[in-house]
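Line by line, the protein sequences are chains A and B.
At position 7 of the first sequence (counting the first as 1) the number is 7 in the working numbering, and the numbers step up by one without a gap.
At position 196 of the second sequence (counting the first as 1) the number is 1196 in the working numbering, and the numbers step up by one without a gap.
If you're looking for bench data, these hints aren't it; they were derived computationally from the structure.
Mixed in with the good hints, there may be bad ones.
[What the hints assert, rightly or not] According to the in silico footprint, chain A covers these stretches of chain B (three or more CB under 8 angstroms from chain A): (1) 1034-1042; (2) 1154-1161; (3) 1299-1307.
[Stated by the list, open to error] A few chain B residues facing chain A, derived, Cβ under 10 angstroms: (4) P1187; (5) M1188; (6) Q1283; (7) Y1311.
The structure presented is a predicted model; accordingly, all values stated were derived computationally and were not measured.
Idealized CB from N, CA, C, for every residue including glycine.
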Amino acid sequence: MTSDTVSATDIEARDSGHSSRRMSMATVGKALLLYPIFLGLSVIILFPLVWMFYSSFKSNADIFADVFALPNSLYLDNYKQVFQLAGLGSFFRSSMIVSLVSVVGLLALSTTAAYAFAFMEFRGKTFLFLLFLLGLMVPPQALIISGYGWMTVLGILDTYWALIFTYFGWSAFGILVLRDAFEAVPREISDSAKVDGAGHWARFWYIVLPLARPSTATVAIFLFMWIWNDFLYPLVYLQSEERYTLPLGIMFLNGQYAPEWGLQMAGLTVATAVPLTVYYFLQKQFVRGLMAGALKG
Amino acid sequence: MSSNQMTTIVPEQQTPSPGSGTPDRTAGRRDGHRKRELVAFLGPALGFYVAFMMVPLLGTFLISFTDWPGFSLDQIDWVGLDNFRELADDGVFWSAFRHNIFLLLGAIVLNTGLALVLALALDQHLRGSSFFRGVFLMPTVISLVVVALVFGLGLSPSLGFINPAFEAVGLGRFAGEWLGDPDRVLPMILLLDTWSSFGLYMFLLIARLIAIPKELREAAAIDGAGELRTIWYVILPLLRSTLTMVMLLIAINSLKMFELVYVMTSGGPNHASEVIATWGYFQGFTATRVGYGSATLVVLLVLTFILATIYVRKFRMQDDL
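The task is simple: from the sequences and hints, build the whole structure.
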């Protein structure tokens, strides 16, 4: 596991080491072959997003007049409308509440459980660990029908709690990543604290957790992105429009304001802005989490 | 109950547990304290896991053996394997199943191919490589709903950007219906799925390439092997196990196909893009056949578990246990 937790940094290091190298003939040949591929693919990836962004500043008439044209003035009515009429602010608020509460709770649940797996001995440890491992493989799509019934039985259907508690059930990812990080804490450090009379709580809070801060940040960012973008559970568990999260909200706008592309583009831009900002500033942590997530799940 | 017995289950690779062998640990009072501590550390996570993961998981299996319409609990009747028998004769289910297989195989070919070529290309460390890597990974942070809606508008035959784009590059004869054409809708969904996910697999391969010692490449170069021969004879064999892993991950993720189809086509036109997850959703929520819908989703679970078991046995057993 350690190999992929360091690799994101390694990748950066390798690049900077090579970039200043003198261009040889072979390099020129490679460049001529590879840059067109890189550029072409970048256009395919970036264009739809850039199009979404600049179309959000065009009136409907302008969009339908020329789908490619850049906006000729900074037209902000789409944003005004999508917040005032279509309630985008409320979707945004719901997403923030659900994502933040879920991530904070998940961090509390998975750091403590990871500590137990890393530092405590108990009967059935392997069995419980395998049980959590199983949870990583379950496709959420397969749980929606019985999940809906279960939320009804619990009386929390159409509340934020239905989402938050469901996400609390997905602690396995954090447990697996953090257990590895905790086990990497040098034994001399945790043992010396034990000799000094520190109990599990003290060792957890003052020694292990601070030392594993980078991994904890990675887990937090990855979970935040995943929950922020999740569409499936809001779709099934939320019914009242005022509780819709952003992914559900923008789909609702798509149905409600079908002919108003500009307004939809504004909503889509807002929904994408948060994860893209996080990605831009915390790319390294996100990539680490993504790779760990892929390998774990 | 004693801690000494516990240690027998502990994996060998672990360093000895802190303080194992301290005599006072077996004292009854401390034992009770240790148990309470364990419950405090592990209990909450386990509780939510069981209540909100295991219960729905087992629920899916149990409900699939009933004819529950989904309203009041006293309408539940045990019907054994009836739902599965009906599934075997359900033409839409089988076409959804075939679509899943098509998407799965297509995703393996496209994603692996693209990820491998790009990983090797970025490994040449041309100027700007890290910028392009960042771009290729960007779609993985964008919600599938956003992908579905943006492309849904862009693929609109009369108003979107796709047909004008084809005409602009002289390929106007390909312009036409995309999501409304039963022959084109599924390949298009495959392409969008690839668009949103290849970056992750590319990254997994890059991480493996980084770990290949420089000496190996240098040795190959000294032996007179050209760049392509080095890739073919030195690099690719070393990537084999990572490639297998990537393909399994692609397959497992492909079975989760739901959002793109649900948002863009709801399985249409005329079930041409139906997949198992959307068909199960339709049965459970729209047709209120909760038992039958659950049986459909059980198929998804079983397929995933088969692939996941292969994955775990191959790649994770040594790692974690």
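So, going through the hints one by one against the coordinates:
no. : hint      : in the structure
1   : 1034-1042 : holds (count 6)
2   : 1154-1161 : holds (count 4)
3   : 1299-1307 : holds (count 4)
4   : P1187     : violated, 16 angstroms
5   : M1188     : violated, 13 angstroms
6   : Q1283     : holds, 8 angstroms
7   : Y1311     : holds, 8 angstroms
Violated hints, in rising order: 4 and 5; the structure is consistent with all others.
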